[in-house]
Amino acid sequence: MSMNKFEISNLDLFYGDFKALKNINLNITEGDITAFIGPSGCGKSTLLKSLNRMNDLVEGCRITGKVLLDGEDIYGSMDLNHLRKRVGMVFQKPNPFPMSIYDNVAYGPRTHGIRSKVKLDEIVEKALRDAAIWDEVKDRLKKNALGMSGGQQQRLCIARALAVQPEVLLMDEPTSALDPISTSRIEELAVELKKEYTIIMVTHNMQQAARISDKTAFFLLGEVVEYGDTEQIFSMPKDKRTEDYITGRFG
Amino acid sequence: MEAINKESTLQRLKSYRKHPLSAILFLLVVISAVITLTVLIALIAYILIKGIPNLSPELFEWEYTTENVSMMPAIINTLIITALSLLFALPVGICSAIYLVEYAKRGNKLVSIVRITTETLSGIPSIVYGLFGYLFFNIFLGWSYTILGGALTLAIMILPLIMRTTEEALIAVPDLYREGSFGLGAGKLRTVFRIVLPSAVPGILAGVILAVGRIVGETAALLYPAGTATTVADGLMSSGRTLAVHMYALLNEGLYMDQAYATAVVLLVVVIGINALSGLIAKKVGVKD
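So the protein lines, in turn, are chains A and B. Each residue of the first sequence is one higher than the one before, counting from 1 in UniProt numbering. Each residue of the second sequence is one higher than the one before, counting from 1 in UniProt numbering.
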C-alpha cells in the first residue's frame with residue numbers, strides 16, 4: 001500500500017471574488033507521477049502552486065481548506081521556506097538566473113546554508129547528472145546559463161530544483177515552451193526521476209499525460225471532474241466530460 | 001551578384017513620387033538628425049578649438065594664484081563632492097526603490113505619495129536646491145561654506161533620479177527570477193539581494209551615470225552651500241569649488257576667458273570619460289555569455 005504524499009481536502013481558492021478552485025479533494029501518492037490535465041483556466045496550475053504556497057505571492061488570493069504534506073498542514077506552522085525546499089518547482093518557461101550554470105545549481109544549497117566548496121561541487125554535479133545535462137555542460141559550468149538552448153535551460157532548472165534535495169517536484173507545463181526533442185528528453189527524465197521523487201505535472205499535452213503519468217486528474221472550471229489511474233482515465237473514463245475532453249471534443 | 005532584396009534608388013524615388021508625404025517625412029527626419037549632429041559637433045569643436053591652445057601645464061599646478069588660475073584644486077574638489085554625494089544618495093535612493101518595488105503593496109498610499117514627491121523634486125530648478133541648501137546648512141545649522149553642505153544638497157538633488165532609475169531597473173527584472181528564487185526556498189531578503197538587485201545593476205548604473213553627470217555639471221546648487229574657495233578642501237567643513245563652479249567663477253570675473261575655455265575642455269573630457277567608464281562597468285557587471 002503506497003503512502004499519500006499530499007492530502008488535499010475541501011480546498012477552495014479565490015482570486016478576489018472569483019472562485020478559481022472549488023472543493024478540491026485529492027490524495028497524491030508518493031513515488032508516482034501525477035498529471036493534472038484540463039483546458040486553459042481550469043485551475044490546474046493554480047492547484048499546483050497551492051502545494052508549495054506560490055499563490056501566497058499573488059495579491060488578493062485567498063485559500064480555505066487543508067493541504068497536508070506527510071500529514072503535516074503546510075498552511076499551518078510549517079516554515080514557508082522549508083516547505084519550498086521540500087516541494088521544489090519547475091516553471092512553465094525556463095527561468096535560469098542570469099548567472100553561471102554552476103551558480104544557478106548552487107543557489108539553492110547555498111540558500112540553505114551549504115558553504116563548503118567540496119560539498120557544493122558534489123551537489124552540483126549530482127544534480128546536473130540527475131537532470132541528464134551533465135555531459136553537455138560539464139566543460140562550461142562557469143558560462144552564463146542564459147547562453148543555453150531552451151531545452152537545456154529547462155533541464156538546468158530541473159537540476160536547480162533537484163539540488164536542494166526536495167521530496168516532491170512540481171512541474172508546471174515544463175515542456176510547453178520546448179521543441180519535440182527537448183520535450184521527450186524531459187519526459188524521459190521525469191520517468192527516471194520518479195524513482196526518487198514524487199512528481200506532479202501540469203500539462204496541456206494529453207499524450208504526455210498518458211505516456212508518463214501513473215495517475216491523472218482532469219480539471220474543469222475549477223473542479224476535479226475525475227481522478228484515477230491514468231490507464232483507466234484514458235481508456236474508460238467514467239465521466240462524460242472527461243471522455244469528451246480526452247477525445248478532443250473540446251478544450 | 002547584386003542583392004535582389006535591396007530597394008534601388010530608382011524604386012525608392014518612384015515610391016516617393018507616389019507617396020509625397022513619405023518623402024516629406026523622410027526629409028524631415030534626415031534634416032533633424034543632421035541638425036542634432038551638427039550642433040553637437042560644432043559645440044565640441046568650438047570648445048576644443050578655443051580651449052586646447054590655452055591648456056598649459058601651469059593650469060594643473062597644485063596651487064591656485066591670481067597669476068595662475070590653476071584648476072587642479074577644482075578637479076580634486078569635484079571628485080570629492082561627487083563621491084560624497086553618491087555616498088549619501090545611493091544607499092537611500094536604492095533602498096527606497098527596493099521598498100517601492102519589492103515590499104510595498106500595489107496601490108499603497110505611501111507609494112503614490114513617494115512617487116509624486118520624487119517626480120516633483122526632479123522638476124525643481126537646481127538654484128532652488130542651492131537656496132535650500134544655503135538656508136538649511138549655512139543659516140539654520142550655522143555652517144560656513146562647506147563641501148559637506150554642497151554634497152548633501154547635491155545628494156538631495158540627485159536622489160529622485162537615482163530612485164526613479166533604480167525603480168525602473170527593478171521593475172524590469174522578470175518575475176520569473178523572483179519565482180524561481182522563492183521556489184527554491186529562498187526568503188525575500190536573499191531573493192532581492194542575490195537575484196533581483198544584481199540583475200538590475202546595469203539599469204542602476206545608468207542612473208548613477210546620469211547623476212554623476214548632473215553633479216559634475218552643477219553650479220547653481222553648489223554656489224551657496226559650498227562657496228567658491230579656490231583651494232582643495234582640507235576637510236568636509238571647508239569650502240571648495242568644483243570644476244563647473246570654477247569655470248563659472250572665471251567667466252563671471254571676466255579676466256580669465258582663455259582659462260575658462262581650457263577648463264571647459266577638461267570638463268568635457270571628464271564627462272566623456274565618465275560615460276566611457278560607466279559603459280565599461282555596465283558591460284563587466286552585466287549579463288555575459
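Hints listed in this document are in silico derivations from the structure and should not be mistaken for laboratory results. None of these values were measured; they are calculated from a predicted model. Glycine included, every Cβ here is placed at the ideal spot set by N, Cα and C. Please note: incorrect hints may appear among the correct ones.
Rough simulated footprint, nothing fancy, chain A against chain B, three-plus residues with beta-carbon under 8 Å [as the list claims (entries may be wrong)]:
(1) 166-179
(2) 183-192
No more than 27 Å apart at the CA atoms, straight line, and that leaves these computed lysine-lysine pairs for BS3-like [to be verified]:
(3) A:Lys93 / B:Lys188
(4) B:Lys105 / A:Lys119
(5) A:Lys138 / B:Lys284
(6) B:Lys6 / A:Lys117
(7) A:Lys19 / B:Lys105
Exercise for review: Would you pick out the hints that fail for this structure and give their numbers low to high?
Suggested key: Hints 4 and 6 contradicted; others consistent.
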